[in-house]
Structure formats: structure tokens, C-alpha cells
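Enquirer: For chain U, the structure is supplied; the task is to place chain Y on it using the hints.
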Amino acid sequence: MINCAIYLGGGRKRELLLSSPVLVAAGALGYEGFDKELLNQGHIGAIVTPPLTWQPQPGAGRPRLVRTTAGYVTHTGRRNPGLRKAVRSHARLWEDAGVPILAAIYGRASDDFAEAAAFLATAECVQGIELHLPHSMEAGQARQCIEAALVEAATPCLVRVPFEQAMVIAQVGAEAGADALVVAAPPLGRALHEDGTWVHGPLHSPALAPLYTELVHEVASAVAVPIIARGGIAEPADALTLVAAGAVAVQVDSILLVNPTACTEVYLGLEREMTRLGLSTWEEMCTRHQRTVG
Amino acid sequence: MRRYTAIVVGSAEPVPGARLLFLNCPQLGEAACPGQFVMIRCGHSADPYLRYPLAIHRLGPQGIALYFRPSEAGMAWLGARQIGDAVDLLGPCGRGFDLPSGSSNLTLVYQGMGINALASILDRTHCAVQIVSEAPTPGQVYPRELLPRSVEFLPFVGHEQDDAFWQAVEVACAWGERIYVAGSSAMIRRLGQVVAKTRMGAREGIAQVWVMGEIACGRGICQSCLTETRAGLKHACLDGPVFDLFDVLLD
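Protein chains in written order, with the numbering used here: chain U, 29 to 322; chain Y, 2 to 252.
Note that these hints are calculated values from the structure, not bench results. Bear in mind the structure is a predicted one, so any value in this text is a computation, not a measurement. Each residue gets a CB set at the ideal place from its N, CA and C atoms; glycine is no exception. Each hint should be verified, as a subset may be incorrect.
Facing chain Y, from chain U, some residues (calculated, C-beta under 8 Å) [what the hints assert, rightly or not]: (1) Arg42; (2) Pro91; (3) Gly99; (4) Pro230; (5) Pro234; (6) Ala235.
Isolated chain U (complex conformation) (with noise of 0.2 Å):
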């Protein structure tokens, strides 16, 4: 076992403990694909769920993929039931998941984070939040949003970057009171699928791993709040790297789709590296590889 105590939100209602540095990114694994053959839970910190919004989403017609060199572009239009009609219907699954849930919450405007979070104080089968932005916001727009989020939030609130503007961005989240980071969302690709359409959307591989690295090395340089490193990670070393960059968790996104038992490779690769260096917890482990980098 990792010894791990990753605590975030000190000063709201609701404190998170992370136990594990290993969380499932947003929509990672849908929202109920917590198939206990497949997924440790003790290996897992917490999981994020897709994108919610306020009003429900149609989502995109297809095409709605299309497969790159190393990776693939999607576009669902964030689909989903809206933020209550979620909660509602998975609250039982979130509840017994024996992981603390992260709902993640999309918005193009301050009220759509307010209400959200406003929501989300009262519902006990979530954790935390994680703030996801539209990649084109601009700073200001930003921060009111981040703050009338912050300023309903019961849990911690943690702010998902956009890979564009992930250095704006995150010192807005930083300045605004963010509990935390994720670094970053995956950047936006545009692919030409068979039927000649495009599909327009995040671009998801492995071979970004070393920009995600590079994000979080800026990112950590310039700002004092903990960073959940998201992106490339595909196995032990990419987090490794990713802990080395300043992150002090990572997030396990679309490999889960190739590699179910992703989050427990990643996390037992870990647990072996800290044996092998002879460190009892997470935070030596951070510390000694943040350093060890320089």
C-alpha cells in the first residue's frame, strides 16, 4: 500500500482525502463503468465523472471519432442527462463505489458554476468538484467563473486547465482560491473522418505526454497549489514523470479505454519505486523525485 494522504479543501464543509495519487480522469470511465473485475478501488483516489452540465445535452451526431497516428479525436458534445437527473440516478453507484466521486461540471458562464456547485453542496454522494472551462475563455470570464463556483462549493474545488491557455488559466484557478489543479484538458485536434466530415474535438494520445510535462512544469514553477497532472499517462514512469514535473497526483484518462486495469498498474508501479528508494509515504516520494529532478 501507498501511504498516502493527499488532503484538499481544508476550510470548506467538506474535506477531501485523497488515498491513493491515482485518480480516473473525467469521463474516464463513464458513468458506471466501475466494473469491480476490472478496477481496484483501493487503488484509486477518486474518480471524476464526464462533464456535467446544468440543462441536459443532446450531444453530437456522429461522426463522433475518428482514430489518429498514436491516439484519437471524439466529440460527443458532452451528452448528458444535466447535473441534477445524474446525481439523482447514480447516487447509489457513487455512493457504494468506495471511492470518493468528483463531479465534473462544464459551464460557459458564472451562473452556470454557481448553480452547480450551489447544487452539489447538498449531495452527499459527491466529494469534490472539478471545474472544466471552455479552451477559448478568456481570463476574466474565467475567474468569475472559478469564483462564484468557489463561492458555493461545499467540497473542494478543483480547476481543470485548458491545454491552450493552461499557464493564464491556472494562475487565475490559483489567485481565485482553487483547492487544487488538474493539468490540463487534453488539447483540442480536428481529424477528417472517412465519410469526409470532420470531427472536431480533444485529441487523446500518449505521444503528448512530454507537453503535458511541460505544462506541469510551468504551471508548478509559477503557483502554490497542488497540481493533479492529467494526460499521457500510460503507464508508472509517465507519472513518475509527471510527480517529478511538480504534480503531487495524476489523473489516468483514455488508456482506461485501452487498459482496464490502467489505474492499478500505475499505482503498483509506484508502490515499487517507493520501496525500491525506501520511502514510507507519498509526500517523501514527491519530494525526493521533485528534487532528485531539480
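Expert: Then chain Y, alone, in the frame of chain U:
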């Protein structure tokens, strides 16, 4: 669904440009139902990244067989596997065909490679089966010798036999108490008209269609395979790939 490492125990090219791969994986062979599929990791590197979905072509106590064209990168990798090679699979995925428990007449209708999803029905039924198929060229007709002798197999080739094909489909649909279909959207739509006509308007529970869509995860996570049905959008990978012929709304 579970993750398996299956071993290649046989490989053939029954028709030019198509591969038939036999995989030893007894647990999967026992657990799978006709119409289900597996998600295959094609390679050991990050490219291709996502798994590929493939219908379970045949199934038995020793494992499964897959039938496919090695056209794109992942399938080419799979097609190049040799006896003794390991293949990483997730499965069985999705909802398979509903087969009658008693004796019935079953009609299977497919176009092109559609036999890859239908042939496993033959491994789980003792019913009388008639297969009507349409292939673009004589060289692409599924070999008769790979089907049980008891099966009546009516292959048609090319556009010039289109009328004959549809006449045979109509006769076979009148004969079969259950109908199982795999083919293009246009073919499935027309087959719906044939079934409605031969059953004098009766619809429910008669015919099932195999619709793969663009499955990327196989577990209802990524939403890429959402398929329109009369009951709203459904995941082809979870709620399908088998749907009632009259429930699915095709493009």
C-alpha cells in the same frame, strides 16, 4: 467482460483478402454468445492506440474464431499473427442475438463480410438454418465448406443477381421464424420492408440486426457508438450490437 490473453492456434485466408484466425481461449469460448464481440489490442506500442472491435465469428469450448479483412493498420497487425502468438482481448462485449430455445427455422441474411457476425449462431443452435448472402465478386463468397452441411446456403454475386437475391430473401424470410441480419443500412431498410410484407405487418421479436457502429471502448464509456433507436440513443457496444430490426433507426 474480462481481459484475456488468447493464443493463435490457426490462421487461414478462406477468401482472397480476408483472414480467419482461430484463438485458443476456452473461458471466452464458453462465456460468449452469438452476436457478441471482442475488443482487440492490435500491437504492443501506442500506435494504433485504441482497441479494435471485432465480431466473434465462431465460438466453441476451445475458444473463438475471428473473420476480418486486414485493411487498416490494426487489422493488418492482427492478420499477420502466426500460430503461437498472443492476442490481448477484452470480451465478450455487448448483447448478442436472442436464439429460440425450441426448434425453429432460422434465416440469416447478410452482405459482404456480414457472415463474421452471424456464423456464431450456428454454434449455439440445433435449428434448421438457411443463409442468403450477397457478395460483390465470386471470389468473396464465403466458402461453403466452412459451414455445417445441414445449413442451406444461397450465395448471390454482384448487382446482376440483385433481383434474384431479394427474391431468395423474401422466400427465406417467409420460411424463417426468426431472422438475423448483417449488412448495409440500405439493405437493412429494404429487409425491414420484406419482413413486414411476409409477416403481414407483424414486427416485434421476429428479426434482429447486427449494427456495429464506431465502437472505440466497448464498455459504454466513450459515446462514439451511440445508435439511434425508437427508444432514443443506445450504445451499440452495450445495448447492441444486436438490435431489433424495427427498433433501430438507420442513417
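Enquirer: Confirm or reject each hint.
Expert: Against the structure, the hints come out as follows:
no., hint, result
1, Arg42, "violated, 28 Å"
2, Pro91, "holds, 6 Å"
3, Gly99, "holds, 5 Å"
4, Pro230, "violated, 11 Å"
5, Pro234, "holds, 5 Å"
6, Ala235, "holds, 7 Å"
Violated hints for the displayed structure, listed by number in ascending order: 1, 4.
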